Amino acid sequence: MDEHTPDPRLVSALRSVEAEPPVDEVDWDALRAGLNARAELPLARLRARASAGGSGAPAAVRRPVRGGARVVRWLVPLAAAAGLGGLLLALPGDPLHPGGGRTAGVPVATTGQAAPEVQAILDETIPDRVDHAIDGAQSDEDAVLTGALGG
Amino acid sequence: VSPVRAATHPSVPPTHAAPEAEAEAALVERVRVGDAAAFDELAGRYLRRAFSVAYRLMGQREDAEDLVQEAFIAVLEKIHTFQAGRAFSPWFFRILVNRGINARKSRTLRQVDDIPERAASALPSPEREAERAELRGGVTAALESLPDRQRTIVRLFELEGFGSPEIAQILGISENTVRWHLHEARKTLRLALAPFDGRNTDG
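Just so you know, the sequences run in chain order A and B.
Per the working numbering, the first sequence starts with residue 68, numbered consecutively.
Per the working numbering, the second sequence starts with residue 1404, numbered consecutively.
Derived by calculation from the structure, the hints in this document are not laboratory data.
Note that the structure is a prediction, hence the values are computed from the model and not measured.
For glycine and all other residues, C-beta sits at the position ideal for the given N, C-alpha and C.
None of the hints are false.
Covered by chain B, according to a simulated footprint, are these stretches of chain A (three or more residues, beta-carbon under 8 Å):
#, region
1, 75-82
2, 87-98
3, 101-114
Here are a few chain B residues that sit away from chain A, every Cβ distance over 10 Å (derived from the structure):
#, residue
4, Glu1425
5, Pro1493
6, Gln1572
The shape of chain A in the complex, shown without the other chains (with noise of 0.2 Å):
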C-alpha cells in the first residue's frame, strides 16, 4: 500500500467507527441563507474598500473632495433661494398682492401704502431729509447720508 492512495482496508475501520457526515439532515438552503444573511456585513465593508480604493486618490487628497461635497451641499439651496428672491424683486407687481399696485424699482414704503400707525411712527423716527430723500424729493445723496447719520 503506498502513501498517495488511501487504504481501503484503513478506509473501511475508519468509517465504522466514524459517523458518516450526517448531509441529509442538514437543511442546506437554510445554511446557505443563514450564511448569506452573516456575509452581509462583510461583503457591504469589501464594497466600500473596493470603492474607496477605486477612486485612485489616497486618503488624504479624497477628504478634502468629500469636504467640498458638502459645502456644495449647502451652498445649492442657498443660490436657489437667493435666485428665487431676485427673481421676486425684478418681476413687475407684486406676485404675493397681485392688486397691490406695486411698480419695479419702487419701494413699498414709498406707495403711501402703509399703515397709519406704522407711518406715524416713521414721521416720528426718520428725519426730513432722509424721508424727503427718499421720497424723490431731495436727490442729493449727501443730504441722504447726512440724514442717515443724523446730522
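Place chain B on chain A using the hints.
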C-alpha cells in the same frame, strides 16, 4: 484530488480543469470586491465538502454547521490576503481546519451523538456483532491515541479524499511532514487492526 476521488464529492470542482479554475478565480475576484452573488456561488461550490470536513473535525452536526459558517465569514475577512492566481480550495480548507482544530481545543463540545450502527441488509449474528464492536473499540482507541495533527491528516486523507500536497497546504506544513504523519498514523491504526486480520467484519 483526482477526478475519480473528486467524483465522490460532487460539490468539488475538478482541480485539473483550467477553464473551471479560471472561472473560480474570477469568482474569487468578484467576492474580493464584495459581490454577494459571487460569494453565494462560491459558498455553494464548497458547502457540502466543507460541512463534511467540519463534521470530521467536530463530530457533531450543529458544531460542523457553525464551523462552516465561521470559515466562510473568515474568508471574507481575510480575502485581501488571498493571492490572486492561487487555488482557492487549499486556502479555504486551511482556514476551516485551523478554526476547527482551535474550536476543538477551546470549545466545550456538545455531546457527540452515538456512532450509528452501519446499516445491514441482514441482521448480524451475535458473534459477528460482538466482533464488530471489538473492532470498533480497537480502532476508536487507536484513533484517539493519535496526536491531533495525525488524526486530522488521516481523516483528511483516508476519509475526505485530500491528497498529501493539499493537506500540506491546508495545514501549512511540508509534504514530507504530511507523509511522515500519515505513515505514523497508519502504522498505529494497522496495529490496532492486526488482531482482526483475516476476519470479515464488514457485517
